[in-house]
Structures are given as C-alpha cells and as structure tokens.
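Given these sequences and hints, build the entire structure.
Protein chains: 2
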Amino acid sequence: MTRITPVLLAGGSGTRLWPLSRKSYPKQFAPLLGEESLFQASVRRLSGSAAGPEWALDFDAPVVVTGNDFRFIVAEQMGAVEVDPGAVLIEPEGRNTAPAILAAALHLAARDPEAILLVAPSDHVIPDAAAFHEAVARGLSAVAEGRLVTFGIRPTHAETAYGYLEVPGLPEEAQEPLPLRRFVEKPEAEAAARMLAKGTFLWNAGIFLFAAKDILAAFRAHAPDLLEPVEAAVREARPDLGFLRLAPGPWARTREISVDYAVMEKAANLSVVPYGSAWSDLGGWDAVWRESLPDDAGVVLTGGATAIDCRDTLLRSDSQQLEIVGIGLRNIMAVAMNDAVLVADMSRAQDVRKAVEVLKAKGVPQAGQFPKDHRPWGWFESLVVGPRFQVKRILVHPGAALSLQSHVHRSEHWIVVAGTARVTVGDEVRLVTENESVYIPLGAVHRMENPGKVPMVLIEVQTGAYVGEDDIIRYEDVYART
Amino acid sequence: MTRITPVLLAGGSGTRLWPLSRKSYPKQFAPLLGEESLFQASVRRLSGSAAGPEWALDFDAPVVVTGNDFRFIVAEQMGAVEVDPGAVLIEPEGRNTAPAILAAALHLAARDPEAILLVAPSDHVIPDAAAFHEAVARGLSAVAEGRLVTFGIRPTHAETAYGYLEVPGLPEEAQEPLPLRRFVEKPEAEAAARMLAKGTFLWNAGIFLFAAKDILAAFRAHAPDLLEPVEAAVREARPDLGFLRLAPGPWARTREISVDYAVMEKAANLSVVPYGSAWSDLGGWDAVWRESLPDDAGVVLTGGATAIDCRDTLLRSDSQQLEIVGIGLRNIMAVAMNDAVLVADMSRAQDVRKAVEVLKAKGVPQAGQFPKDHRPWGWFESLVVGPRFQVKRILVHPGAALSLQSHVHRSEHWIVVAGTARVTVGDEVRLVTENESVYIPLGAVHRMENPGKVPMVLIEVQTGAYVGEDDIIRYEDVYART
Numbered sequence: 001m002t003r004i005t006p007v008l009l010a011g012g013s014g015t016r017l018w019p020l021s022r023k024s025y026p027k028q029f030a031p032l033l034g035e036e037s038l039f040q041a042s043v044r045r046l047s048g049s050a051a052g053p054e055w056a057l058d059f060d061a062p063v064v065v066t067g068n069d070f071r072f073i074v075a076e077q078m079g080a081v082e083v084d085p086g087a088v089l090i091e092p093e094g095r096n097t098a099p100a101i102l103a104a105a106l107h108l109a110a111r112d113p114e115a116i117l118l119v120a121p122s123d124h125v126i127p128d129a130a131a132f133h134e135a136v137a138r139g140l141s142a143v144a145e146g147r148l149v150t151f152g153i154r155p156t157h158a159e160t161a162y163g164y165l166e167v168p169g170l171p172e173e174a175q176e177p178l179p180l181r182r183f184v185e186k187p188e189a190e191a192a193a194r195m196l197a198k199g200t201f202l203w204n205a206g207i208f209l210f211a212a213k214d215i216l217a218a219f220r221a222h223a224p225d226l227l228e229p230v231e232a233a234v235r236e237a238r239p240d241l242g243f244l245r246l247a248p249g250p251w252a253r254t255r256e257i258s259v260d261y262a263v264m265e266k267a268a269n270l271s272v273v274p275y276g277s278a279w280s281d282l283g284g285w286d287a288v289w290r291e292s293l294p295d296d297a298g299v300v301l302t303g304g305a306t307a308i309d310c311r312d313t314l315l316r317s318d319s320q321q322l323e324i325v326g327i328g329l330r331n332i333m334a335v336a337m338n339d340a341v342l343v344a345d346m347s348r349a350q351d352v353r354k355a356v357e358v359l360k361a362k363g364v365p366q367a368g369q370f371p372k373d374h375r376p377w378g379w380f381e382s383l384v385v386g387p388r389f390q391v392k393r394i395l396v397h398p399g400a401a402l403s404l405q406s407h408v409h410r411s412e413h414w415i416v417v418a419g420t421a422r423v424t425v426g427d428e429v430r431l432v433t434e435n436e437s438v439y440i441p442l443g444a445v446h447r448m449e450n451p452g453k454v455p456m457v458l459i460e461v462q463t464g465a466y467v468g469e470d471d472i473i474r475y476e477d478v479y480a481r482t
Numbered sequence: 001m002t003r004i005t006p007v008l009l010a011g012g013s014g015t016r017l018w019p020l021s022r023k024s025y026p027k028q029f030a031p032l033l034g035e036e037s038l039f040q041a042s043v044r045r046l047s048g049s050a051a052g053p054e055w056a057l058d059f060d061a062p063v064v065v066t067g068n069d070f071r072f073i074v075a076e077q078m079g080a081v082e083v084d085p086g087a088v089l090i091e092p093e094g095r096n097t098a099p100a101i102l103a104a105a106l107h108l109a110a111r112d113p114e115a116i117l118l119v120a121p122s123d124h125v126i127p128d129a130a131a132f133h134e135a136v137a138r139g140l141s142a143v144a145e146g147r148l149v150t151f152g153i154r155p156t157h158a159e160t161a162y163g164y165l166e167v168p169g170l171p172e173e174a175q176e177p178l179p180l181r182r183f184v185e186k187p188e189a190e191a192a193a194r195m196l197a198k199g200t201f202l203w204n205a206g207i208f209l210f211a212a213k214d215i216l217a218a219f220r221a222h223a224p225d226l227l228e229p230v231e232a233a234v235r236e237a238r239p240d241l242g243f244l245r246l247a248p249g250p251w252a253r254t255r256e257i258s259v260d261y262a263v264m265e266k267a268a269n270l271s272v273v274p275y276g277s278a279w280s281d282l283g284g285w286d287a288v289w290r291e292s293l294p295d296d297a298g299v300v301l302t303g304g305a306t307a308i309d310c311r312d313t314l315l316r317s318d319s320q321q322l323e324i325v326g327i328g329l330r331n332i333m334a335v336a337m338n339d340a341v342l343v344a345d346m347s348r349a350q351d352v353r354k355a356v357e358v359l360k361a362k363g364v365p366q367a368g369q370f371p372k373d374h375r376p377w378g379w380f381e382s383l384v385v386g387p388r389f390q391v392k393r394i395l396v397h398p399g400a401a402l403s404l405q406s407h408v409h410r411s412e413h414w415i416v417v418a419g420t421a422r423v424t425v426g427d428e429v430r431l432v433t434e435n436e437s438v439y440i441p442l443g444a445v446h447r448m449e450n451p452g453k454v455p456m457v458l459i460e461v462q463t464g465a466y467v468g469e470d471d472i473i474r475y476e477d478v479y480a481r482t
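Heads up: the protein sequence lines correspond to chains A and B, in order.
Sequential numbering from 1 applies to the first sequence in the working numbering.
Sequential numbering from 1 applies to the second sequence in the working numbering.
You can't tell identical chains apart in this list, so a pair holds if it fits in one copy or across any two.
Using 16 Å as the maximum straight-line C-alpha spacing, the simulated EDC-like pairs for lysine to aspartate or glutamate come out as follows: (1) Lys372 with Asp69; (2) Lys354 with Asp309; (3) Lys453 with Glu434; (4) Lys392 with Glu460; (5) Lys372 with Asp318; (6) Lys266 with Glu185; (7) Lys266 with Glu166; (8) Lys213 with Glu114.
In case anyone wonders, no lab produced these hints; they're calculated from the structure.
Next up, the structure:
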C-alpha cells in the first residue's frame, strides 16, 4: 500500500470558458459537465484508496493551493463531497505553477521528505478514475528511483492547444515509464499533424508524481532563486480559519513561472507514463462540446435548450429560468447565463479570452464578476437593481455568521424563506424563521447568523440613495475582514 | 382640411419575432426599433394634422381594434404617447382582418357614413411619416370617386414574404392612384425576381383608405354573410372601463378571413397609390436587422452587445442585466432576453414560428408567456421562484387598484420601494410608503391600491407550499374579474 499526497492546483482563473468561468469564479469550480465541479471531481478522484492486481494506493488528505478569493469556494466544495483537506495554502497572488508546487512540496517535506506527491491541476476531465489510478501506480517504480514522473496523454487528434512530450519510442501497448526526450511547445496545425503521424509524441497534461525531496532537489538545481522567497513564504505562513496564508512579503519576491519552464524542461531525471484513456483540460467551449458526447448530428444540448436543424453545435443554458433555441446552426457554440450570453463560431473557441478582454476594456462587469458572489458565510446574488432599491437572495451556511455591520445609505428588509436566522439589531437579538421578516433601519448596527443545521435563505430588499457593496462599516467579523 | 379617422389593427399575435413577440405580448407592443413600440409609432404617425402645398389632413382620434388580453397594454401605451383613442374595440376572439375592419367601419358609419377611414396594421415600420401623409393625401381623389384605395410599396428586392399588387404600368415618378390589375399571393423566389424585373408590381402593405359607406357597400356585395353577425356584435357591444367589448355570441358566428380574400380581391373599384419610401412589416428578425441600419460589416448591435469579427449578424440584448457577445459569426441572428435566447441562421428567420411551436409542444412556458405580465392595474414580473417561495416586482399605475383577494396557500410580504400604496388587510386600511413593509398572513383578505400621482413599485415575497398565480380568491374587482 503506497501512500500518496495529492497536491491540487486550484488558483487559476481562465476566461476561455466565459461566461461560465470568470475571474471571480473560475472554471475549476463551475459544474461544466454534470452536477459536480471539475475541482470536486478532481478531489474525489484523488481520495480514498484504490488497488489493482499488483498495486494499492492510499490517498492522503490533499493539499490544495488556491487564491484568496477562492478559499471559501474550496472549503464549500470540499465539504459538499465530504473530503477534508490536509492543508489549503493561500497564494497572496497567482505566480503560475512553479512557486505553487514548490510551496506545497516544502510544506509537505517539513513533515516527511520521502512523501510522494501527485500534483494535478483541478480543472481537467479524466472520466476513467481506475485507469488513471493504474497509471499513477505504474509511475511509482520510477519515483522509487528518484525520478520525476510526468503523464503523457496518447493524442487522439492533432491538437494545437496543448504542449507535447516526445519519447524515443511508443509501442501501442506501452504503459511503463519511458524516458523523456524533449518538451514541445503548443504547435501550429501542421506540426501537430506531423507529430500525430510520427506516433512518438504525447500531450503534456501537467500532472506530476515525485517524492518531495526529489522535486526540492530539482528546484535547488534548476530554479534556485525561487527557493529563498518560497521557503520564507511557507515558514512565515499564517494559519487563518483553517487556511494557511503564505506570507505576502516573501511571495512578492517570487518569479511568475510555470514548473515546466522552471524545472521540468531542464531536469535530466524525467520519466513519462503514457496514458491511453480519455483526458481533456477543457480548454475551450469546443472541448466542452467534444466531452459532452454530441449526438449523431453533432449537437450537444445542456439545460433548457432546443435545437432545430442544427449540426455540430453546442446549445447550453446555465440558468433554470432561461431557455435557449437554435435554428439552422452549423459549428456554433452558444452559452447562456442570467447575465451574459456567448455566441461564437466553434473554430473561435480560443478567442473567447480575447472577447473577455474587450468586455473588460468596455467596463462591462460581466467580464470578471460572477452573478453569485461567494463569501465566507455563503453567497448572495442580486435579483434586481432599480432606482433607490436592490433585491438580493442570500444563503448563509449552517453555523456561519455575517459581520456585525451598519450602512450609511440604505435600510434593509429581510424576509426569511428557508431555515432560521439569528438576527442582531442594536441591542436586540432574536430568532427569525421562515415567513418572518426583520427591518434594519439606516445606520443600525446589525448582524445575521445561521444558528441552525440547514442552510438559511433570505430575501433582502435594500432601499436608499446608494445600494453599492461598499456602503458597509464592519465592527466585528469572525472571518477577520474588519 | 380633410378629416381622416385612423383604424389601427392591433389584435395580431405573431411569433416570428420570438422571444420579443409572444402570444401574451405580441410584436406591435414591443420596442423593436428604438424606445417606442411599433404600435406607439403607428398611433403617433396617424395623429394630429399634416399638410403639404396642396393638401391638409386632420387625424381624428383613432379607433383601435385589439384582443381582450391586450386592452390594458393598448391603454397604457396610448397614454404614454398622449393620444386618446376614439374607441377601443375588443374582439372576443381573433378573426383575421375582415371582421375587424367591418366592425370598425360599422362603428364609425353609425355616426358618419361619409367618414374617411385609414385602416393600418399597427406593426409596420414607416420611417418617413411626411411621405406617408402625402401618399394618403394623394389617395383622397380616388376616395372621393367612391373607390377603395390600397397602398403599394415600390419593391427594393425580390421579397417572398409579401403579397404583390399588379398595376397596368408604373412610371418611375408615378404617385397618383392607379387602377389595380390583380393581387398576387406570396411568390416563390423565382416569381418574385420576375415581378421585380417586370417593374409593374408593388408590395401589398395591407393599408387602406376609403369612405365608411364604400367599404360597407363592398362587404355587402362580396361578403354578405359577415354583415349580420358583425352588425349584431357592434350593436350589442358592451362598454367596459372605456373599452367597447364586441358581443361574443354574434362574433362567434363570423368567419375567420382576411379583408383581401373577403372583399379586396373581388372588388372592381380598387385603386393603388404607389409608395416609394421605406416600409417594412418587420416580418422576421432578418427584417429587424435590415431596418436597424447595419454597419459596414453588416452588424447590428442592440442593447448590451459586443461583436468580434462578425459579419451580417444581429446581436441583441433586450435586458439591461444581460450582455451578449458574438465571435466570428456570419449570417447569425441572436436575441437574448432574461428568460429566453434565440440563435438562428439569418436565412431561417421565417422558421422562428416553427421553433415556437416546438417549444409549445415541449410545454416550455417561454413559448407564449412574456416575463412581464400586464394587468389592468400595471404589471408584475417574477424575479425568482424557489422551493416554497417566490419574489415578484409589482408596478401599480397611479389611481389603479388590485382586486380585494385572499390566498389559501401563501403569505405575502410587501416592501414598497417607490411611491405610496394604500393597503387593506382585513378591516385595517393604511398608507405604506417607500421603505415600509406590510405582512399579509395566509388567508387574510387584502387589497393593494396606488392612491398617488406616480407609479408605485413594490417587492412582494411570497412564502408557502404553493405560489402559483391561480391561488387567488377575488372578492371585489374594479376591472370586473371576480
């Protein structure tokens, strides 16, 4: 039985899957395929234990590396799949994969330098967990020899959105670790076709298996400048509500660089385990379309969607209240949410990122802001904003509490529609349950808590001259936001 | 100065402009081009007076013929453009144009058989009102001779969605009434091209000018079976809150038939006034695109819309909260609303109707129901429906009142966010103003009124086991709905 500690990278904030993936709620946390998010699927895939005829793996509690804005989403989503993290490291700022992996390795090596780490992005699709576990098990012999193992996906088409790994030879049945010949950058279409034909190239999935001491040795050898600041950031990390905040001062001194550039492309001790089952990094809506099993006409319908005479088309509604209809479409992807709709030619999937830049430049809030705003205590969404008023739906997790606060410009009416709230207004504290309401006069110091065992949902109607999020004075906050 | 009474046909409920046009809120009432609805633009175009060097017109208060569901929309929209109707005739059921026009002619002839009627659909676009007034004036000489005048639009392309009018000859400068040779049904593409080339065909706009006595004579001669039931429906019409309800019994005995089939194609005394300025019946989103002045790339953006590398494409957001983005599109029309999104190839504009049939068969409420529900007293829209609760925004016009009512399954919380409400709960009546709230317990008899001079807006939060519209017991209703 080999113990393996998963290291899940969950700090990215891609925009190629806009409008579902946004800066404030990126792709890995969105339910792109099915009910579960990619992050949740990754957490579950790398939990518990797994065994084959000749191997047995036991996954330790994972270390998650993420950004400050996502820490409560991580906690909420791990809670929902009932996996406790070993640690959640908060990056003060995103610095690409090298500093993140180094921080996780240092954190784990302090306890056990021999620990075996499986480093994986949390936004990939790997439908066959058993096949993946077996590939991991096959990598262990190389890890035992002090090698850094990467996983190479057997390509199914001449993809230009992935980097490639060249190996000396690749028999069809090869499953054992192979020596790596070289990394190849994302190719042009022609080069991709040549590599596919040659048959000795694999997709670089960015998934790694190694012992903590070996990756640290590799960093020492190939990216020594990262060691001092990241060591300091880990050493001076501050525990905060179950998260571990890497120290911002030292972290600011790290370079932004990928682990491939910083270490892997320079290391001589790399092995590649070929992986022949399905894999995708869902790098665009075309990939989501492909992974969603199109019907005979090439049509994928998700949510309330209707296609009439369409071919090779994705029609997707991500809102219960929204119906999307396509007529006579060819090679179109259309994704509709409550606040944003994307319609694009399928060949332009990689340009969605560009579109988001255009929206940002126009000052359109949908460019980065998700309609549901996740907070330590739950989430809220704005239902309607009008002149001098706003209506919000607010969900508070069991046991959670909002800060003790007041507003200068608005009064609030709260109507509880599910669960029970404990409400403080001035000196008075009372329980408010379904179908009861509370009035918070302008200026009154107030707090909302959920003392119960089920989520509490309330409708908040704000009235006043200004109803922006920044009209808030915090007096006390269990999440240290005062 | 010639007095003319406009007769506006506003009973249709087309679905080719879904999702903006729906059974509950059809095209003529939607703000398709600019802020004003097509109905409002039609009302304004045919109001006041107009004069040229040799003519002067004075428009009487218009007679509007519409359906029961639309009567309050008609009243509200005419109020907004400050034109009072001469009469609003309510058709118990839609029967196409012949019975509607006959009813209006009978209603007006009772007062003055010599009255000159200008009958027009209320969902057409005629940008140049002055040119149209001049065309009307040119038709008067023929009306004076007892002729029925129709208007023929000089075609700009080989359109297959319109019927045609053939005239014996059509010099480029012809503006005076010409004799009609024959009506031509909507043609195939080839026939349309032939007619365009021949140069003696005009589009049939369905706009007519005649004396009341002459159209009655024509009905008597060519569709005598319609006279008895429509005469009875007008004679027994019941005034109701400023509307005139045609009697449903006799109305049920009328045939459903267009005025072209019933009368015009048979009458020998038809004249055609050629009309050379822009006109469109906005019969599909492709027409809306064309009339919205596409830019050099053929792109039309309406509302929050962004196009990247698109050509010949309509991107339209009809919600303030919704941003639509198109990338790399060719010949696509995409229309987004809060509850429904249409994406179609431009060539399939006429198939939108089919799509609505498919949605209807699937039981999708968006097929026919508009998100804003217009009522005699104002409108409401559902903001969110959850388990055991619903949140609505409600607007009540000044002076209007909802029925005295109660509910079996739900309690209601009302929070006024604009204006002032007079609220009855049980025996108590009180004024509730901005930022005040009221609780309506389950079963309590209650009423909401707006006694003020400005619209009253409130947020209603319903909680209970069932929050459907049909949980309502009405005790008193100023709109006679008990």
